Amino acid sequence: MEMNNYILLIVGMMIVTYIPKLIPFFILSKEKIPTKLNKFLKLIPYTALGALLIPDVFYTTPSIPQASILGIGFAAIYVWHKGGIIIPILGSIFVTFIVILVHTG
Amino acid sequence: MQAQCIKKLSLRDGVMAGVPIFIGYFPIAMAFGILSKTVGISMKDSFLISVFVFGGASQFIALNLLTLGVGIGEIIVTTLLVNFRYFLMSASLATKMTDAIKKWIPVIAFGVTDEIFSIASFKHEEITKEFMLPLQFLGYFSWVTGTVMGYWLGGILPENIKDSMGIALYAMFIAILIPEAKKSKLITFLIGLSGLVNTLLKKLTTLPPGWTLIVSIISISLLGSCLLKEEEVNGDE
Chain A
335 MEMNNYILLI VGMMIVTYIP KLIPFFILSK EKIPTKLNKF LKLIPYTALG
385 ALLIPDVFYT TPSIPQASIL GIGFAAIYVW HKGGIIIPIL GSIFVTFIVI
435 LVHTG
Chain Y
10 MQAQCIKKLS LRDGVMAGVP IFIGYFPIAM AFGILSKTVG ISMKDSFLIS
60 VFVFGGASQF IALNLLTLGV GIGEIIVTTL LVNFRYFLMS ASLATKMTDA
110 IKKWIPVIAF GVTDEIFSIA SFKHEEITKE FMLPLQFLGY FSWVTGTVMG
160 YWLGGILPEN IKDSMGIALY AMFIAILIPE AKKSKLITFL IGLSGLVNTL
210 LKKLTTLPPG WTLIVSIISI SLLGSCLLKE EEVNGDE
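If you read the sequences in order, they're chains A and Y.
First residue of the first sequence: 335, per the numbering used here; consecutive thereafter.
First residue of the second sequence: 10, per the numbering used here; consecutive thereafter.
You may find that some hints are simply not true.
What the hints assert, rightly or not - Once the Cα atoms are required to be at most 27 Å apart in a straight line, the calculated DSS-like pairs of lysine-lysine come out as:
1) Y:K112 with Y:K46
2) Y:K132 with A:K370
3) Y:K191 with A:K370
4) A:K370 with Y:K46
5) Y:K16 with Y:K192
6) Y:K192 with Y:K238
7) Y:K111 with A:K370
8) A:K416 with Y:K112
9) Y:K192 with A:K370
10) Y:K112 with Y:K138
11) Y:K191 with A:K416
12) Y:K53 with A:K370
13) Y:K105 with A:K370
14) Y:K191 with Y:K17
What the hints assert, rightly or not - Stretch by stretch, here's where chain A covers chain Y in the computed footprint (C-beta under 8 Å, at least three residues):
15) 99 to 109
16) 169 to 183
Think of the hints as simulated: they come from the structure by calculation, not from any bench.
Predicted model only: the values in this text are computed from it and were never measured.
Note that the Cβ used here is the ideal one computed from N, Cα and C, for glycine as well.
Kindly generate the complete structure, drawing on both the sequences and the hints.
Take a look at the structure:
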């Protein structure tokens with residue numbers, strides 16, 4: 335593909351990514367929202383994360399599925415007991431790496 | 010006058026929240042850089058995509074479509090479909106912000122991502138620009154530098170390490186979700202149900218990429234708003 339086309343692609347992708355992020359801020363603000371809509375909007379973080387996580391989390395290491403399962407399992411157990419974000423992230427990468435290493439030899 | 014008891018989120022809070030985002034994004038951005046090189050686009054273009062789009066999953070999908078020889082128009086439409094969920098996230102986030110932040114909306118809107126949105130939404134305090142801007146800057150900086158580092162180091166890194174980095178984002182999601190899920194059984198149920206609906210939609214329908222997510226978010230949030238009592242949803246004071 336020619337260089338020109340990449341610039342077009344990048345600008346196009348930028349616009350269609352930015353617009354959905356921007357518009358709601360002009361429509362909604364903290365002051366005036368019906369209770370029902372407010373509840374709906376407040377639930378979005380939970381439902382979004384649920385759907386972002388499942389089922390894709392099981393497919394991050396397609397050839398060795400148990401690697402990503404054990405990696406995310408480590409993160410889940412650690413967070414449940416101790417909380418935090420950094421250790422779960424680095425730990426899950428490490429666990430996944432070790433499992434892959436064991437399986438590929 | 011502000012009530013004394015409401016703590017305002019400071020710059021320090023923003024930096025503290027941004028560090029895990031930085032660490033979580035870096036391997037994913039590296040993966041994007043590595044893949045860009047494999048697909049055969051230049052480092053400059055790979056860098057520019059991360060700089061101007063800052064669009065997570067949609068960037069990977071675009072690379073995928075490029076290798077399949079799909080046209081620019083179709084890639085842009087797909088990107089819109091994949092990223093339409095940000096409409097819902099920004100709408101949710103907007104309800105946590107007051108007019109004081111208005112001037113910064115164009116910048117803050119650009120920096121809305123799945124992860125930054127999640128971190129910010131689970132804060133009980135009102136979102137301030139002092140909190141939001143460093144949080145987003147750290148995420149953005151990680152995304153852009155990670156892309157370049159990945160492109161640059163892609164050839165050197167062993168395959169095993171590259172494969173294991175994909176888990177980072179999901180570990181971040183888990184770390185954000187579990188403390189919230191522990192607070193309420195109904196919330197836990199809604200999180201799981203949303204994942205289940207998304208899985209079924211992916212398996213059983215031919216919805217375009219990103220739309221299984223949108224249908225799951227909208228349907229389960231609607232269901233939840235009927236089931237939930239007001240005080241169970243965070244940040245409603």
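Quiz item: Holds or violated: K111 of chain Y with K370 of chain A, Cα cutoff 27 Å?
Solution: holds (25 Å)
Quiz item: Can the restraint linking K370 of chain A and K46 of chain Y be considered satisfied, given a maximum Cα separation of 27 Å?
Solution: violated (47 Å)
Self-check item: K191 of chain Y paired with K416 of chain A [C-alpha distance capped at 27 Å]
Solution: holds (13 Å)
Quiz item: Does K53 of chain Y pair with K370 of chain A here, judged by a C-alpha cut-off of 27 Å?
Solution: Answer violated: K53 of chain Y to K370 of chain A is near 47 Å, above 27 Å.
Quiz item: Under a C-beta cut-off of less than 8 Å, do 3 or more residues of the region 99 to 109 of chain Y approach chain A closely enough to confirm the stated coverage?
Solution: Three-residue rule met by the region 99 to 109 of chain Y, so holds; n is 10.
Quiz item: Are there at least three residues in the region 169 to 183 of chain Y whose beta carbon sits under 8 Å from a beta carbon of chain A?
Solution: holds (count 13)
Quiz item: Is the straight-line distance between the alpha-carbon of K16 of chain Y and that of K192 of chain Y 27 Å or less?
Solution: holds (21 Å)
Quiz prompt | 27 Å limit on alpha-carbon distance, applied to hinted pair K112 of chain Y and K138 of chain Y | solution = Measuring from Cα to Cα gives roughly 10 Å; hence the hint holds.
Quiz item: Within 27 Å, alpha carbon to alpha carbon, are K416 of chain A and K112 of chain Y?
Solution: violated (38 Å)
Practice problem: For the pair we were handed, K105 of chain Y and K370 of chain A, check the Cα-Cα distance against 27 Å. | Solution: Judged against 27 Å, a Cα distance of about 16 Å means the pair holds.
Quiz item: Keeping to a limit of 27 Å between CA atoms, is the pair of K191 of chain Y and K370 of chain A held or broken?
Solution: holds (24 Å)
Quiz item: Within a Cα-Cα threshold of 27 Å, do K192 of chain Y and K238 of chain Y meet the stated pairing?
Solution: Satisfied, since the Cα-Cα distance of roughly 14 Å is no more than 27 Å.
When the structure is compared with the earlier hints, violations turn up for hints 1, 4, 8, 12 and for no others.
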